[in-house]
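Peer 1: Residue-level listing of the chains:
Number of protein chains: 2
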Amino acid sequence: MNTLYHYPLSPFSRKVRLCLAEKKIEVALVEERYWEQDADFLRRNPAGKIPVLKMDGRTMADSTAICEYLEETQPTPALLPRDAGARYEARRIVGWFDDKFYHEVTSKLIGERVYRKVMGTGYPDSANVKAGARAIKYHLDYLTYLLEDRRWLAGNEMSLADFAAAAHLSCLDYTSDVDWNRSDAVKDWYAKIKSRPAFRSLLADEVPGFQPAAHYADLDF
Amino acid sequence: MNTLYHYPLSPFSRKVRLCLAEKKIEVALVEERYWEQDADFLRRNPAGKIPVLKMDGRTMADSTAICEYLEETQPTPALLPRDAGARYEARRIVGWFDDKFYHEVTSKLIGERVYRKVMGTGYPDSANVKAGARAIKYHLDYLTYLLEDRRWLAGNEMSLADFAAAAHLSCLDYTSDVDWNRSDAVKDWYAKIKSRPAFRSLLADEVPGFQPAAHYADLDF
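Line by line, the protein sequences are chains A and B. With UniProt numbering, you'll find the first sequence wraps up at 221, consecutive numbering, no jumps. With UniProt numbering, you'll find the second sequence wraps up at 221, consecutive numbering, no jumps.
If you're looking for bench data, these hints aren't it; they were derived computationally from the structure. No residue lacks a Cβ here, since even glycine has one placed at the ideal position from N, Cα and C. Take the hints with a grain of salt, since some may be wrong.
Unchecked claim - In silico DSBU-like links for lysine-lysine, alpha-carbon gap of 35 Å or less:
| # | chain 1 | residue 1 | chain 2 | residue 2 |
| --- | --- | --- | --- | --- |
| 1 | B | Lys24 | A | Lys192 |
| 2 | B | Lys137 | B | Lys100 |
| 3 | A | Lys187 | B | Lys54 |
| 4 | B | Lys130 | A | Lys117 |
| 5 | A | Lys192 | A | Lys137 |
| 6 | A | Lys100 | B | Lys24 |
| 7 | A | Lys137 | A | Lys100 |
| 8 | A | Lys137 | B | Lys54 |
| 9 | B | Lys100 | A | Lys187 |
| 10 | B | Lys117 | A | Lys54 |
| 11 | B | Lys54 | A | Lys54 |
| 12 | B | Lys100 | A | Lys24 |
| 13 | B | Lys137 | A | Lys54 |
| 14 | A | Lys192 | B | Lys54 |
Said to hold, decoys possible - Chain A stretches covered by chain B per the calculated footprint, using a threshold of three residues with CB under 8 Å from any CB of chain B:
| # | stretch |
| --- | --- |
| 15 | 14–26 |
| 16 | 54–64 |
| 17 | 95–101 |
Make the full structure from the sequences, and use the hints.
Peer 2: If you want it as structure tokens, here you go:
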């Protein structure tokens, strides 16, 4: 059986979970308190991060490298377009979310308010929380701009770009940090991806001590 | 003509420069003071980061997405292995350097001591500098471990993993932050990659106000 070591509100774990589920690859999910840097976990991934996927006799880390591996070994359904230029665009948007959005928004909102409490590293830094709440508006506007002439974020086909974006936004939706009224285009896009069977496991996630927003699992939000 | 907007001591720019040079793709290098967030530059890359590559009628950002594009459109010489498992390993190591090593080492040493001065954002934070100097030792030991049974970092062929690692280490070598006496294996590996023609342009880099280490451009260091 394949195993994914993950944490519920980790956007990187969620991206891999969406990718696995969309490709219908079954995995046992094991919640990993990776910040405790347990010796067994560090043997699996010396980088000390999640997700870690055990599959095909390998123990794999780094969500980007894992998603490329899944795409190469289980190409159907394809989560990257065929044309090199379109593939570039999908990967650029994955990078936008996993690097820029993560540092400007996810780590500032989820990182300060959820992870600090769970990991016991002190109170939220309110300047960070404010900066994250400001930055998400700009990112939602960028998504709106992308969706002006595209059905999905990287073009007219769903791709890893949509999964990366939805992975971050779904974590932030859990904590009520996404203003869905800001853009109909973004809300419609999220409703589309949220209603996919691959999304169900994410909508069932719960982090003790943090109630999800009332609309979190609601497909008609 | 292709154009690469870059900054000399940016490891992400250097990775792309190595990749372009190894594939013998000519580019004009344009130094970009990207932190000034000039409107023209933001039009080229709304993420406001370097490198940005103009090529094939596209303006491309995100060093990972750019390298994958180059590998797909100009496959010779190959900078990723053929087998999916080996490709995974190369990408994992790229991620190790561009994420973990960057945040634990490069941003703490080059970021504090060079970028702060160049960007005018104040004095170096000595706690960060100390943390970076401590962390690089652990990373050099990890490279030594990888090189125990491999000729190159991801296997027996040179790959993007070597370029990502050398991109970061060459920036840190400019500021004398790499203790080459710590590991013969790492020193031998770096000597091999440093002597490639693709490396020459990096060894000619200069940042005003920062003299490179005396041995920086020396192939016999």
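Peer 1: If you draw a straight line from the CA of lysine 137 of chain B to the CA of lysine 54 of chain A, is it 35 Å or shorter?
Peer 2: Given that 35 Å is the threshold and the Cα spacing comes to 29 Å, the pair holds.
Peer 1: If you draw a straight line from the CA of lysine 137 of chain A to the CA of lysine 54 of chain B, is it 35 Å or shorter?
Peer 2: Holds: lysine 137 of chain A and lysine 54 of chain B sit about 29 Å apart, inside 35 Å.
Peer 1: What's the verdict on lysine 192 of chain A and lysine 137 of chain A, does the C-alpha distance respect the 35 Å limit or exceed it?
Peer 2: 21 Å, holds
Peer 1: Mind taking a look at whether chain B covers the stretch 54–64 of chain A? Criterion is 3 or more residues with CB to CB distance under 8 Å.
Peer 2: Coverage by chain B holds here, the residue count being 6 at a Cβ distance below 8 Å.
Peer 1: Taking a Cβ-to-Cβ distance below 8 Å as contact, does the stretch 14–26 of chain A have at least three residues touching chain B?
Peer 2: With 0 residues close enough to chain B, the hint is violated.
Peer 1: Check the hint pairing lysine 100 of chain A with lysine 24 of chain B against an upper bound of 35 Å on the C-alpha distance.
Peer 2: 30 Å, holds
Peer 1: For the pair supplied as a hint, lysine 137 of chain B and lysine 100 of chain B, is the alpha-carbon distance within the 35 Å limit?
Peer 2: Roughly 14 Å between the alpha carbons, so the hint for lysine 137 of chain B and lysine 100 of chain B holds.
Peer 1: Holds or violated: the stretch 95–101 of chain A covered by chain B, criterion of 3 or more residues with Cβ-Cβ distance under 8 Å?
Peer 2: holds (count 4)
Peer 1: Given the proposed pairing of lysine 100 of chain B with lysine 187 of chain A, does the C-alpha separation stay at or below 35 Å?
Peer 2: Cα-Cα ~33 Å, so holds.
Peer 1: Is lysine 187 of chain A within 35 Å of lysine 54 of chain B, Cα to Cα?
Peer 2: 33 Å, holds
Peer 1: Does the alpha-carbon distance linking lysine 137 of chain A and lysine 100 of chain A stay inside the 35 Å limit?
Peer 2: 14 Å, holds
Peer 1: For the pair supplied as a hint, lysine 24 of chain B and lysine 192 of chain A, confirm whether the alpha-carbon distance does not exceed 35 Å.
Peer 2: 43 Å, violated
The structure fails to meet hints 1, 10, 11, 15 from the earlier list, while all remaining hints are met.
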